[in-house]
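> What follows is the residue order along each chain.
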Amino acid sequence: MKRIAACLLLTAAASAAHAASVTLPVLVPLTGFLAVEGASQRNGAILALSTPPAGVTAKYDVSDTGVSPEVAVNALERAAGDKPIAVVAPMLGTQMLAMLPVAMEQKIPLLTISGTAAITRQGNPYIFRFFPDDATTKIAQVRFALENKGVKKPAVIYQTTAYGQSGHAEIVNALKKAGIVPVYEEALDVAVKDMAPVLAKARAAGADSLIVHLHGGPSALLLKAAAASGLGLPIIAGSGLSQPSTINLLEPAELAGVCAETSSSPVSAESPAMQGFLDAYRRKFNADPDGFALAQYDGTMMALEAVAKGATTPAALTQALSSGSYAGLAMTYKSNGRGDMAHSAVIICYDGKSRIPKVVAHYTNAAAD
Amino acid sequence: MRRADAMLLLCVAAYGAYAFAAGSSYTLRVFSVAGIYALAAIGYQFIFGQAGALSLSQGVFMGVGAYASGILALRFGLGFDAALPFSVGVPVLLALAVAVPVLHLRTHYFALATLIISQMVLLVAVEWQGLTGGANGIGGIGGITILGMPIRAGWPLAATVWVCVALGAALSAWLMRGRAGHAYAVLREHPAVAGAIGLDGGRMRLAAFVLSAAFAGFAGSLYVHVIRVISPDVLGFPVMVTLLTIVMIGGRLGVAGAVAGAVLVIELPEWFRPLREYTLLVYGAILLLVVVAAPGGLVGALRLLLPDRAPPAPPALAASPALAELSGLAALSGASGLLLEIDGLARHFGGVRALGGVSLGLRAGEVLGLIGPNGSGKTTLVNCVTGLVAPDAGRVRFAGADITGLRADRVAHAGIARTFQTVALVDDMTVLDSVAIARPRTDFATARAQAMTLLDRLGVADIAQRRCGGLAYGLRRRVEIARALALQPRLLLLDEPAAGLNETEQADLSRRLRGLAADGAALLVIEHNMAFLAPLADRMACLDAGVLIAQGTPAEVQGDARVIEAYLGRPAAVSRPA
Amino acid sequence: MLALQLLFNALALGAAYALVALGFVLILNATGAVNFAQGDLVMAGGYGGLVLARMLPVPGVVLLPLLMAGMAALGLMVALVAYFPLRRRPPEAVFISTIAIGIILQNGTNILFGPELARTPALLGDGEFRWLDGVGGGLVVSAQSVAIIVVAALLIAGLHLLFSRTQFGRRLRATAQDREVASAIGIPVDAMVAATFAVGVALAGAAGLLLARGFFVTPNDGGNYMLKAYIAVTIGGWGSIPGAVAGAALIALFEVVFPALPALVPALGGPAFSQNGATIVLDALILVILVARPQGLFGEASKARA
Amino acid sequence: MEIVLDGLPLARRLTRASALLDITGLEVRYGGIAALRGVAISILPGQGVALLGANGAGKSTLMKAIIGLVRAAAGEIRFDAVPIGSLRPDRRARRGIGYCPEGRRVFPGLTVAENLAVACWGDVARKTDEMFALFPALAARRASPAWQLSGGQQQMLAVGRSLMNAPRLLLLDEPSLGLSPLLTDEVIGRVPEIVAGGTSVLLAEQNAAKALSVCDVAYVLKTGVVTAHGPAAALAASDDVRAAFLGG
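Residue numbers (numbering that gives the first Met the number 0), protein chains in the order written: chain A, 0 to 368; chain B, 0 to 577; chain C, 0 to 305; chain D, 0 to 247.
It should be emphasised that the hints constitute simulated quantities derived from the structure, not laboratory data.
Certain hints may be false.
To give a feel for the contact side, a few chain B residues facing chain A, derived at Cβ under 10 Å [claimed, not checked]:
1) Ala98
2) Tyr222
3) Gly235
4) Leu267
For glycine and all other residues, C-beta sits at the position ideal for the given N, C-alpha and C.
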C-alpha cells in the first residue's frame, strides 16, 4: 500500500491526463487558540498546492478564519467569489458546522481535517474529512489502552473545547462497550495552569492509567506535572500530543512511556515516501510536520490528483472524491458515503530517549468502511 | 435628527445600496452580519450610552438570545418568528435577575460584575452539553423563516436583517425621543439632579439594562439563523469587545453612531483580509487611532464638522397653558401650621460632624434665609431634607407627613424642589428642554409649553432654544430655578442662588423669588450675600459647625454677636513677633 | 503531604499572579483607568524573555533586569500612545485604547513568533528537590518554583521599599492620591504617571518571564491574565496594593487547592470541586464580595465605590 | 494710610519693581463665566497679605491661578519679575511658591512624615525637623497615615507640606475651614512666624478679623473684582470688610 503511494507520488507526472488550472483557497485558523493546528493545515495544503500533479496549476490564497463561525463563513463566501474548485476548510468543528450550509448553497467541496463527529452527519455531500473522526481515533486510543496497557480503571481527562468534548464522548462510549466506567473524569479549561489537583484526584480515585484528550499545550503541562510528581501511571494521550512543536517543550525523559493516538506520524518516517514528505516539509517551512499537516497534504493532493484526471469542475470533483479512492502517504482514503475519507489511526509511543515517537500500532475502523 | 447623524445614516445607506447592487453573496452576507451587530449595538447604547454604565454583558445577552432561538428551532422546530418571544424574553429575564445585585454598582465594579456574570454564563453553556451541545455547538439550524416563508441567503436575507435594523433604530429613537432622552442625559451627567427633579434613577437604569438585553436577544436570534450554528463563541468576550468598539467608534448616543460603527467595525477586517495575518494588527492600530482622534466617535466628530442649523422656534408664549396656581398651599401645612418641620437633624461624615441636631420650621409663603460660614452644614441640611443624604438622627416632616430618609425623587414628587450650589445643567440640552424635563406627569409637548411660561416668569424666555453649555452664569442660575419651579414645588430650597450674579441680576432674582413666596410657596435660601438675602428673607437662621446659633429677623441675626464672631472671627490671640 | 505540595504550588502561581495584579493596580491608581492590555503585556514579557534568551545564553535571573528595562520602555510607549492623548476623557476611552494595544501585541507576536507554544529559560535551572518520597507522593519542589517565589517576593519587597523609602516612590503615591495637589507642590505629575506605566509594565514583563517557563506562552494568553488581574484587584480592594497580592493568592488557591480538596478530604465531592466548578464558585464569591463589601477585602470604607 | 477702591495708588506703582509677586489685569473664566476680572495684586518680599471676601468671591480661583491650576484668560503673573503664566504648576512650585489648598487635601495614604517629604527638594530630614518644631502636634504622629489625623492636624500638615521646599511665597487658602476657633488660632497664629522667617504669605480667609490680625496688607475681593485694599489695620476698621461678609 505504501509503496503504491510512493509510486503515485513519483509517477504523478506520467499519470496526468488533462491540463487544468484551478483555484483552491486555504481557509484556516491562523489566530486564536487553534492557530498551531491551523498553521499545520495551511502548511500541508500549501506543500500540496505548490507541487501539484503534472498538468495542474493551482492558485491559492490563504485566509485566516480565526475561531468564530461568523468569520469562517465570511471567508468562505469571499472565496466563493473566485469560483474555487474546492476549499481547504478549518479544523474547528463549530466553524465547519457554520460553513456547511454555505458550501451546499455555493456547491463547493470542503477539504478538512476536523475530527468533530457531527460535521459528516448533516447529510451534506460537499464535506470531505481526511482525518479519522473522533470515533476512529478514540476507539484506537481506548483499544490500545485496554489491549496493550491492560487498563482497568482509567481516569479520563479532557478539554472543555469542542475538540475535547467531542473526543470525550467517544472515549466514554468505547470504554462502555468494553464494560469499563472511568473511575474519575475531569474537564479542563485551556487556561488551567497547574495540573497537580487533577493528578491528585486521579490518584485518589484509584486510577490505574490516564486517558488524556487535551490540546497540545495542556497535554505538555500535564505530562510535566505527572513526571514531576512521579505519578508512574501509563498515559495514553490524544492527537494534541503528536505535534512536534509541543513535544519540543518536553524533555525526552518526561515523555518516557507516554503514548498517543493520531492519524499518522510523519516525523517517524515509516516509509521512504513519508521521509520524502518530511524532508520537503522541513525545507519549505523549517519545522517538523505533524499528523494534521500530512492529512491536509494528502487530502489536498487527492483533490489535485482528481483534477489531473479530469475532474475540473466542483461538481466533478465532488463526484470524484465521493466515489474514488486515493492511496495517500498516511493511509488510503475513501469515502464511507458521508464524506469520512480516513478510517485508520495509529498509536505512537515515546521511549524516553528521543523526541521522535515510534508507531506501535495501526487501527482501522472496519465499521466505517 | 441632527445633520451629522443624518449624514452618517446616508453613508450607510449608500454602502448598503452598493452592496445590494453588487449582489455578491459575500458582500451581502458581511453587510447582513454588520446589521445584526448594529441591532445589538443600538441596544447597547441604552445602558452604555444613555445610562452611562459600562456593561460588559451585552455580548452574553446576544448569545443567550441566539441560544434560545437556536435550541427552540432544533428541539421544537420553532421558526425564527415563533421563537422571538423567548429569544428576547430569556435575555430580558437574565438581565432582571442580574440587575438586582449589580445594577447599583458604579463604573469599574459594574463592569467587572457584568464581566463575571458573562463568564459564568459561558461556563454553563459549555458544561450543559445536553441542552447546548457544549463547546461543539449544534449545527443544522435553518435559515430565517417568517410566517413559514423561508428567507433566501443573499439580498432577501440582507434586506430582512436591515428592515429589522431600521425597525430597531426607529424604536430606539422613539423610546428616547422627548422626555426620556433628556431624562437619561440628566441622569448620566448629574445623577443628583435627576433625583431632585423627581426622576427615579434606579428604575431608569433598570429600564436601560433590560432594553439592552431585549435588543441583544433579538440580534442574537437573527445571528443564529444567519450563521446557522449555535456555539459558545457567540457568548465569548470577543463579541462583547466588538460591540464596545462599535459604540465607541460610532458614538455612544444616537442610533446613527451604532449603525455606522457596526458597518465600519464589521466591514473593516474584511476589507483588510488581503493583508492576511496583518489584518488584525492593522485593525488594532486603526481602532487606537480612531479612539485617540475622535473621542466622541464618528457622530461626535461629524457633529463638530456639521453643526446644526438654527433650532426651530420655541412654542409660542401666548399658546402656553398656564400652570396651576401655587396659591392656597397654606391649608396643606401640618397641625403645627408649619409646612416644613425639621427636628433634631444630625449627620456625621467619617468622624466629622456636619450637622449636630438642627431644628427648624418653615411656613407656607415664608422666605427663610440660612447663613453660616463655609463648612457649617448648610448644604448638608438641604441634602438631608431632599433625600440626597440620609440623616443619622432626627425627623423631617413636610405638609404633615414624615419624609425622613425618603428617596430623592419621592421627596421631589412630594413637592420639594431645590437648586444646587454649582449650577448643574446638561450642556448639550436646550434651556427649554432642561426645564420641561422636570414637569411631572405631563406629556412632553405640554411640558415644553408650560416650561415657556416658567422661563418667561424668570425673564429668560428669549433664550429658550439655546443650549445650556454656552450660557452666562446669571442665565444658568435662572434656568436652574425655572427647572426647580417646574416641579410646582410647595417648598423651594435654593443653594446660593445669587452667587456669580451682578447687582442688577440679584435685584431681579430677589423680586421674582418674593413673587413666588407671595403665591404661597415656602423658600429656604442659603446665601452668603447679605445685601441680597437680608431684604428678601422674612426670617434668618445661622449655622455654625453644624449647630443653629441664631434665628430671628434678618436684623436680629445680623446683629447677633455669635453670628458676627462666626463670620468675622475674633482676632487671633497671638502676639506678632517684634 | 499532598496539602503541602498543593499549597506550595499555589504559592508559586499566586506569586506570579501577584506581579500581574500589582502592575495593573499601580497604573489603575495613577490614572484611574483600567489598562486592559496588562494581560497581553504579560504575554509580551514572555516573548521578550525568549528574544533575550536567544541573544544571550544566560540563566533567566540575569535576563530579568534586562527584560524589565525593555518592558519599562514599552510601558512608556503605551502611556504615550494610549493614555496621554486620552487622559481628559472618560475612563472608558482608555479601556478601548488599551484593548487596541492588546490586539496589536497579540497579533504582532503571532506574526513575529508564530502561534506555537514557547518557553522561556529557567530562572536558575531545572533542578528539583524531593522530600519524603515515600509519604503520600512526597513533596517536589522545583528550582523554578522556588525561584519564582523568591523573585516575586523580592520584587514585591523592592516595590514596597521603592514606595515607602524613596522620594520617587513616595511621589508616585502622592500623584496617585491627588494629582492636582501633587502638581501644585512641585511634583511633575505627567512624568510620574509615565513612570508608573514603566514600573507597571516592567512588573508585567517579569511575570511573563516567570510564568512562561513552567506554563509556556502563546500569543493568546493575554485575556486570561487580564481577567486574573482584574479579579485580584477587585477582591483585594480597588487600588490597594496588599489587597492585590492577597487577591492574587486567593485566585491561586482557587485554581490549585480548592479543586483538589476531594483528594484531601474524601468526604467532599461533587461538581463544585471540579476545575470549572471552582471557577464558578470563585466567580460567585467575587459577586458576593462586590455586592456585600464593595470596598473589597482590604479597601478602606472611605473609598466606597457606589 | 490710604484705602483705595478699584484703583491703583501711586505708592503701589513705585513698589512694583521690587515686588515678589505682581499680578496685573488677571482674568479667569469658567466656561463663559468670569470668575476673576481685572485683578491686580502685588506682594513684597517678607509681607503678609490677607485676601478677604465672601464665598464665591474668587479667592480660591486667584490662588489657583497663581500656582497654575487654572489658566488665566488674560493678564500677567510675574514672580521675581519673571512671567510665570505659561508654566506648569510644578514648575511654579519649584521656583519658590508654596501652595496650601482649600480643604487641606493632604495625601491620605501617606504618613505625616511622607506628606512632608514629597514636597521637599532639599535636605528632607532638616526641613522635616523644622516643621515638627513649628507644629509640635505633628511630631507625635509622624508615622500615622494622614487620613487618621484630626482636621486641625491635617491643616497643620498641609501648611507644613507647603513650607517644605522653603518657598519665598506661601499661598494659604482658607486654613480655618472647618476648624474650631482654638485650632484656627493655632494654624493662623503661625503666619507671623512664617513671615518672620522671610516667606511672604498670601492668606485667603473668610475669618477676616483673624486674617487681618496677622497680616500687614489686605485685599478685598467681591464677585471676582478687587474692591478694596490697603494696610490691614485700616481695613479692620473699615465698613468695606463687614459689607463684604454681612452686607449692609
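> Each hint should be assessed against the structure and marked as holding or not.
Status of each hint after checking the structure:
A least Cβ separation of about 28 Å between alanine 98 of chain B and chain A goes past the 10 Å threshold, and the interface hint is therefore violated. Given the 10 Å rule on beta carbons, the hint for tyrosine 222 of chain B holds: about 8 Å separates it from the nearest Cβ of chain A. The interface hint given for glycine 235 of chain B is met, as the beta carbon of that residue sits about 8 Å from the closest beta carbon of chain A, less than 10 Å. Because the beta carbon of leucine 267 of chain B sits about 12 Å from the nearest beta carbon in chain A, more than 10 Å, this interface hint is broken.
The structure fails to meet hints 1 and 4 from the earlier list, while all remaining hints are met.
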